[in-house]
Every structure is written in structure tokens, then in C-alpha cells.
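**Student:** Listed below are the residues making up each chain.
Protein chains: 4
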Amino acid sequence: MLEELKRQVYEANMDLPKYGLVTFTWGNVSGIERESGCFVIKPSGVEYEKLRPEDMVVVDLEGNIVEGSLNPSSDTSTHLELYKAFPKIGAVVHTHSSWATSWAQAGRGIPCYGTTHADYMYGEIPCLRCLSEEEINGAYEMNTGRLITEYYIDKDYMAVPACLCKNHGPFAWGKNAKEAVHHSVVLEEVAKMAARCEQINPEVKPAPKELLDKHYMRKHGANSYYGQKSAK
Amino acid sequence: MLEELKRQVYEANMDLPKYGLVTFTWGNVSGIERESGCFVIKPSGVEYEKLRPEDMVVVDLEGNIVEGSLNPSSDTSTHLELYKAFPKIGAVVHTHSSWATSWAQAGRGIPCYGTTHADYMYGEIPCLRCLSEEEINGAYEMNTGRLITEYYIDKDYMAVPACLCKNHGPFAWGKNAKEAVHHSVVLEEVAKMAARCEQINPEVKPAPKELLDKHYMRKHGANSYYGQKSAK
Amino acid sequence: MLEELKRQVYEANMDLPKYGLVTFTWGNVSGIERESGCFVIKPSGVEYEKLRPEDMVVVDLEGNIVEGSLNPSSDTSTHLELYKAFPKIGAVVHTHSSWATSWAQAGRGIPCYGTTHADYMYGEIPCLRCLSEEEINGAYEMNTGRLITEYYIDKDYMAVPACLCKNHGPFAWGKNAKEAVHHSVVLEEVAKMAARCEQINPEVKPAPKELLDKHYMRKHGANSYYGQKSAK
Amino acid sequence: MLEELKRQVYEANMDLPKYGLVTFTWGNVSGIERESGCFVIKPSGVEYEKLRPEDMVVVDLEGNIVEGSLNPSSDTSTHLELYKAFPKIGAVVHTHSSWATSWAQAGRGIPCYGTTHADYMYGEIPCLRCLSEEEINGAYEMNTGRLITEYYIDKDYMAVPACLCKNHGPFAWGKNAKEAVHHSVVLEEVAKMAARCEQINPEVKPAPKELLDKHYMRKHGANSYYGQKSAK
Chain A
37 MLEELKRQVY EANMDLPKYG LVTFTWGNVS GIERESGCFV IKPSGVEYEK LRPEDMVVVD
97 LEGNIVEGSL NPSSDTSTHL ELYKAFPKIG AVVHTHSSWA TSWAQAGRGI PCYGTTHADY
157 MYGEIPCLRC LSEEEINGAY EMNTGRLITE YYIDKDYMAV PACLCKNHGP FAWGKNAKEA
217 VHHSVVLEEV AKMAARCEQI NPEVKPAPKE LLDKHYMRKH GANSYYGQKS AK
Chain B
37 MLEELKRQVY EANMDLPKYG LVTFTWGNVS GIERESGCFV IKPSGVEYEK LRPEDMVVVD
97 LEGNIVEGSL NPSSDTSTHL ELYKAFPKIG AVVHTHSSWA TSWAQAGRGI PCYGTTHADY
157 MYGEIPCLRC LSEEEINGAY EMNTGRLITE YYIDKDYMAV PACLCKNHGP FAWGKNAKEA
217 VHHSVVLEEV AKMAARCEQI NPEVKPAPKE LLDKHYMRKH GANSYYGQKS AK
Chain C
37 MLEELKRQVY EANMDLPKYG LVTFTWGNVS GIERESGCFV IKPSGVEYEK LRPEDMVVVD
97 LEGNIVEGSL NPSSDTSTHL ELYKAFPKIG AVVHTHSSWA TSWAQAGRGI PCYGTTHADY
157 MYGEIPCLRC LSEEEINGAY EMNTGRLITE YYIDKDYMAV PACLCKNHGP FAWGKNAKEA
217 VHHSVVLEEV AKMAARCEQI NPEVKPAPKE LLDKHYMRKH GANSYYGQKS AK
Chain D
37 MLEELKRQVY EANMDLPKYG LVTFTWGNVS GIERESGCFV IKPSGVEYEK LRPEDMVVVD
97 LEGNIVEGSL NPSSDTSTHL ELYKAFPKIG AVVHTHSSWA TSWAQAGRGI PCYGTTHADY
157 MYGEIPCLRC LSEEEINGAY EMNTGRLITE YYIDKDYMAV PACLCKNHGP FAWGKNAKEA
217 VHHSVVLEEV AKMAARCEQI NPEVKPAPKE LLDKHYMRKH GANSYYGQKS AK
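Protein chains in written order, with our numbering: chain A, 37 to 268; chain B, 37 to 268; chain C, 37 to 268; chain D, 37 to 268.
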């Protein structure tokens, strides 16, 4: 089942090492088919060189394995919480990409210092608190997901489609697997440039709101004019 | 029309990912034929892997699309302003290359700390102010171009063939597409070394004027002696 | 003799340049067969491009060359001390990998700032003191090994399977050559992220103990649930 | 003439981009045959992709072009001064490699923080002063060479076979072209690690003299025991 989605999720997983976002097995992509309420996710701990489309595991929104002989990613419960709370998303990516993880370890959100960031994410990419001892010792991965979804409860999760979990690493999402990986690449790039930017000018201030508005709307608003009409 | 120029501009665009200056579609090169008053530019938002010479869009200096079925780069109006104000240039490059963009985000010009810089750019590479709210909400890309050309109104735009736009990123130019890309690579390299140089010695001062004169003239003056005579 | 082990150790040595951990000949991997009390190690100063499985040198735990026409690595005595004191290990890796060596030169252990680190190493990766003048001028490589084994005398060497030697560089180990190289890659990655993390937030604190416990146990405890059962 | 030397110097020049030490044409290697008093050097400004062994230019120690239809490197006079003052060297390398040039721009010598450095260079790699206005406007490249040779007049130029020229970049040398390039790679690597090391611990002190002695002698002294006897 879900052969086409498995292929897309497989290819998106393979894009993680291609874009330099993962070392070893430190990342996973999932994608959901909303009609069936099932999502497809990378199996846990399988090396990218050995991964095949048919290894993808199918899981339903109660967390039951619907198809697949391998264990799904240990982060499956986090993905699941995001799918339940964010109805517009079609895919979730988790990595330990180096610069984004450095910000997560530092416990700081990534300020929006320029248009590279503003083209994809409207304002600061938040860094969420570390889970409490109780949350960690309980349903850890589910609680990670809930921390994220609770943060976005009064915010537009499509306007800032990525966040950092303190002492852990980044999660990103999008309308499909390709876009979610794209957001992960953007996140890593802006994390790198923001760190260097603060090194070059420790007094730097975030970009003004009108520039954020302009660039975000240039790509995303009703009057967007970036790219080709047919490609939207 | 302009088949040879299209090929040159296509190849210069393809050099951007080759030299590590762009991620995804975050960059564009254009080149002008002064006789016809038309320039050739990358189409907007097309992935580099899929780009073909015949996809290049031909635009005139009033901004009309003369040939091409795709939308030109969303930065076309910026390129156009540079062509109108800088009669000696044959090409313009815009990227979000990582180190140069970090300086642009930091709002600082890149001081000339050594001969690598001085061989190509005579003195500091300026960082221009962020546009005002009015300029952003008006003809944003045209205003970006005008900010650049107004800065150079009393300066030699061929002596410092690159600048940074605050909170945005770099623009570079040259007598043809190959040279403009070359300047973009130089810019990225000196941006990287200047940041590291300040980290190694926070009290560092720019290189003395006589060294700048020597290296710039060694390559560019009437008595230049770098390279092969036939290659000039 | 030990043909299969020679092949494994050869391949693990070749993984060092593949993962960007060595320049020139600046690294070596060895692996031991506990029954015979012999270990296999890279020959000294041989370039990786020219290395062959049959060049591996077989050494016993008294330091005698049992087989091989080439000199073993100049670090052989350090490896030997680790094998004698750490009965559970099957392999040792030494490199001058760039980030880990920078921490070693800085004389600081690498704090555990997040789960990437905690998944493999339980807490800070220690930086051991520089040897005394007497120790350096005596049996230098043996004394390096003893410094390491004395540090771990009251600690679990399998829980933190890597350390730094001040002014020198990192050593890592594992149950076999593949795992020891894996730990060297993890060490380099967490060394890089910890340095950047401190740059982003100079006030950063190590990750809380409960997070370390959770992640280490998720992969290593009796109730571990990362990966596939068959792969453990 | 000097066909074998031309091939060696050609290959050493091609190693510069291979090891990531040069962008475009920003580097050059030369090698000398002491009997004839002639040295072979890269032509000026020729791209590495187009370089051929037969393009190498033969120059004598008075600076006359003995063979070759292309202009020799604009840095030829610097190489020449080193050959005249350093009788034991067989080759010279100049690059603008990124980390070493950052130290040169910062005007600081590279302290010896560890054994990677001590294995090849005995103590700090010096940063020489910027030339005076008179020296720059006179025989600039010759004066660069004389500044270097005067610094080493009372020092062992084989013990520290590299230096930095302030606001410019590094020079390295060795007994042949391969070794000189090897030293350039070491220089870049230790420049990188020293900068990061100071970032990790701003209070870091150079490695103790006894460790420098040990590592330098392990590789270079009469009782050296690194590598294979046949390879020395």
C-alpha cells in the first residue's frame, strides 16, 4: 500500500545525506496520506546506503504499524503528534544537522537576520524548552511532539515550518516530503549564517518587519511573484 | 536571438553551484549586449539541474520581456538599474553565498585585510543600508538597484565591483559573465577570510594603502605584469 | 594469520579518510583477537592510497611483532596499554581529526550539550593532562596509554569510549573496528557542535542528567528500543 | 631540459587545488636543480585545468628565463631569493590558502598548540612584518623574499619550513616539491586548528617544549622511529 508515498518518502530520506544534513542514521523523514490516516516513515537505525523504498514502515495515527517488517523510527511518536495537530502538513523531517543542532544545544531560537530566512520562515525559528524529568521519563517522544504542537497552538505553523528542541535538534515540516526536506536545508543554512553574522557583528539586530513581510509575501502571499506560475 | 550570450549566461549561472555559491535557486546571473540594449537573465525559481541555455529570458532596458516563455528572475529590476547606471559592465551576479551574506546580515562592509582582496577590489567592499519601509513596499527590486547605483555615483564601480545589501546579500559585476562570477567567488573567499582574521585578531587593522595600490595595479594598471600578455 | 581481522582493520583504516578524519597518515586503527592475545595494526607512515590488507602488522600483548615486514604504527604501545586494561574492547582508533584535536589542544573536555552526544557517550568526553617531562622522555607512547587507563580505573570505559590527550589528539575504542571508527566520527561531530554551541551561547550549560540517561539507555540499556532487534 | 623536474613541479602545482589550497590561480610551486642552478616554476595566471608539464618556465638564479614561452609566476623573484639563501631547499610553495592567509592578515604567528604542528614544524610559524612603502614600491617580490631570508638568517629554516607574510599569505618550502606541498597542507591544517583552539579556550598556552622536542625528534632526529626505514 501507499507505494507512491513510500517512494517519495524514501527519496526524501535519501536527500538528507545528499544535502549533508545527516551522519550515519541521524535523521528521518515521514509523509502522510490524509485520506487513509496513515503515514510512511523510515525504519529505525537502518543505514542510508542500505535503505530501499520497500523498507518504509506504514503507521496509523494511533501509532499502530499497519505494514512493514522493520521497527519504525524511534521518533515515530513525535511525527505522529505533529500530524494530529497540524492538519495542513504532509511531511515531517527530523535531523541532527550540525548548525541547527548547535543552536538547539545553545538553547536559542534563530533570529531572522535577512531575506534568505524571510523567504521561507516568517520571523524567529523558536527553540523550545528541554522536557522536564517527568516528561523525559514518561512517553518521551510523544511529549516532544506535544511540546511542539502546544507551542504552535496560537501560531501559524505553516509560516514558521521548523523549530528546535533544546539539547536535542531540529524538526521541520511542509506540505509534502520534498518541501519538508527543503525547509530542513533552509534551516541549516540560516542557522549557519546567523551564527557567523553574530560573530561578525555581536550587536546585530534582526531584519526589520517590513523586509520580512515583503520577502515572505513575495514567495507566499496571494500576490506572490517569485518563480513560474505553472510551478506553484 | 543572442544565442552566444545566452550560452555564456547559462554557463555562468551553472558556475554558481559549481563554486558553492548557491543553494537551490538562490542566485542569478545576467549578461548584456550593449548594441541591442538587451540583457539575458536566468528565469525565476528554475532549479539548476533543469536549467537549459534556451530557458534564458531576454529583457530590454525598459524591463520588457523581448524573448522567452518563462518569467525572468524576480531580481531583474535590480540588474536593469545596474546596467543603466554602469555603462562599462557586461554582467551582474546576485547570490546568497554564505559568508558574504553573513556580512550583509551583520550590516558591515568587508575591510581589505590583504592582497587576496586587493588583487581584485580596491579597498572595502561596502555594505549599503537597508531600504526604508517606503522603498520596500514600493518598487522593491528597482529601489535595491538604485540604492547601489546612487552609492557609486561618485566612485569607480569597476575598482570595487561588488557590494552587500544589508539584511539581504551580495551583488557583483564585471565586464562579462565569467568575470562577474569570478568576482562573486573572490567576494565569498575574502568575506570568509576577513571574518576569520577578525576572530584571530580582534584588533586587526586594514592593509596599508601602498599595498592595496601595488596589488591592484599589479593586475589592473597600465603597467600590470600579472598573467600572460595574450590573455589580457 | 588473522586474515579476517586484518581485512576488518584494513577497512576501518580506510574509513578514516573516507569520513574526513585524517590528512596524510595521521591516524591508525587496530583490532584484537582476544583468544590469541594478538592485535593487528596499521604500519607506520604508509599512505592510505597505498595501504593493503596484507600490510597490517600483527603484534602480541608484550609488544613483539608476530607477523609483518613493516614497522607497526609508532602509537602501537598506546594501543597495547588500552587492550591490556580494557578487556571488553576489540579495537582502538587514534586520529588528529580537526575539531577533536582543537579541543585537545585547548586542554578542555567536551561537555555533553545534547542528545547527539548522549546517544553514544555518557557525559563529558575527558581531556587528560599533558604528560610530564619525564613521561615524555621515557616510554612516551606507553605512558600515553597508561595515562588513559589510569583515568578510567574507577570509570566505565564502555560508557565514554573516547578521550582527548592534551596538546595531542583523540583516542576512541569500541567492541570492534567498525564501532571504534563510528565513535571517532561521533566524537568529531560532537566536538564541532560543542564549539559552535559555545560560540552561539557562551553561557550554555550541559544537558540535564535525565536527558543523558534517557538517550544513552534508549540505545544501550537492557530496554533499548533504537534500531532493529536483529541488528543488535 | 629538466623534464623530470618539470613533471614533479607540474604535479605539485596540481596538488594545490586537490588539497583545497588554491582558488583559481592563487598559488604556485617551483623546484630547483642545484647543479644547473636553474629552477622550474608555474607560469603566471594560467588556470590549473589548462596547465601542462611543458608550460613550466625554467629560470636561472639571476632571474633570466632560460626556457619557456610563457611569463613565469609574478612571485618568481620571491622564490629566487629563497633558493639563494636556503641552500638545503629544493622547492618553494606560495598559496593564499584560507586559514593560513587569515592568520597572515591578522598579523599573528601560529603558536604550536600540539603534536600535529610539532611533528613538522619546531615551534611558532612566524608572521613577518608588512613591507615598508619603499619596499613595496621598489622590487616588491624580491623584497618579500629578502624579508623572509633575513628573518631566518640566525634560525634553522628546515626546522620551521613555512612562514606568513603580513597582509599577504603563506610561503612554505622543503627538500623537494612533494615535501613543500606537504608542508603547505600541514600549515593550513594547523592554522585551522589553532584558530579553533583559541576559540574553545582563549587562555590556551603553547605546548610545552619537551613535547615539541619529542615529536619533532620522533620524525626528524637521528633516532627517529616514525615510518619505514626504507622510506626515509
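None of these hints come from the bench; they were simulated from the model. Hints may contain errors.
Copies of the same chain look alike in the list, so a pair counts if it fits in one copy or across any two.
[Claimed, not checked] DSSO-like mimics (lysine-lysine), calculated; alpha carbons at most 30 Å apart, straight line: (1) 214 x 86; (2) 120 x 255; (3) 54 x 86; (4) 86 x 211; (5) 86 x 255; (6) 191 x 255; (7) 120 x 241; (8) 191 x 86; (9) 54 x 214; (10) 54 x 245; (11) 191 x 124; (12) 245 x 86; (13) 124 x 245; (14) 250 x 86.
**Student:** All hints are to be evaluated individually against the structure, with a verdict given for each.
**Tutor:** A quick look at each hint next to the structure:
1. In this homomeric assembly, residue 214 and residue 86 come within 30 Å of each other (Cα to Cα) both inside a single copy, at 21 Å, and across copies, at 16 Å.
2. In this assembly of identical chains, residue 120 and residue 255 lie within 30 Å of each other by CA distance both inside one copy and across copies; the values are 27 Å within and 27 Å between.
3. In this assembly of identical chains, residue 54 and residue 86 lie within 30 Å of each other by CA distance both inside one copy and across copies; the values are 15 Å within and 18 Å between.
4. When the C-alpha separation of residue 86 and residue 211 is checked against a cutoff of 30 Å, the pair qualifies both within a copy, at 27 Å, and between copies, at 22 Å.
5. In this assembly of identical chains, residue 86 and residue 255 lie within 30 Å of each other by CA distance solely across copies; the values are 20 Å between and 37 Å within a copy.
6. Taking the shortest alpha-carbon separations for residue 191 and residue 255, only the intra-copy value of 20 Å comes in at or below 30 Å, while the best inter-copy value is 35 Å.
7. For the identical chains of this complex, residue 120 and residue 241 are neighbours neither inside a copy (36 Å) nor across copies (33 Å), given an alpha-carbon limit of 30 Å.
8. Proximity of residue 191 and residue 86 under a CA criterion of 30 Å is satisfied in neither setting, with 39 Å inside one chain copy and 36 Å between copies.
9. Taking the shortest Cα distances, residue 54 and residue 214 sit within 30 Å of each other both inside one copy (13 Å) and across copies (22 Å).
10. Taking the shortest alpha-carbon separations for residue 54 and residue 245, neither the intra-copy value of 34 Å nor the inter-copy value of 34 Å comes in at or below 30 Å.
11. Only within a single protomer do residue 191 and residue 124 lie at most 30 Å apart by alpha-carbon distance; the minimum there is 13 Å, versus 50 Å between protomers.
12. Proximity of residue 245 to residue 86 under the C-alpha cut-off of 30 Å is found in neither arrangement, the shortest distances being 46 Å within a copy and 34 Å between copies.
13. With identical chains, the CA atoms of residue 124 and residue 245 are at most 30 Å apart within one copy only, with a shortest distance of 26 Å there and 36 Å across copies.
14. In this homomeric assembly, residue 250 and residue 86 come within 30 Å of each other (Cα to Cα) only across copies, at 28 Å, whereas the closest approach inside a single copy is 44 Å.
The structure is inconsistent with the numbered hints 7, 8, 10, 12, although it conforms to all the rest.
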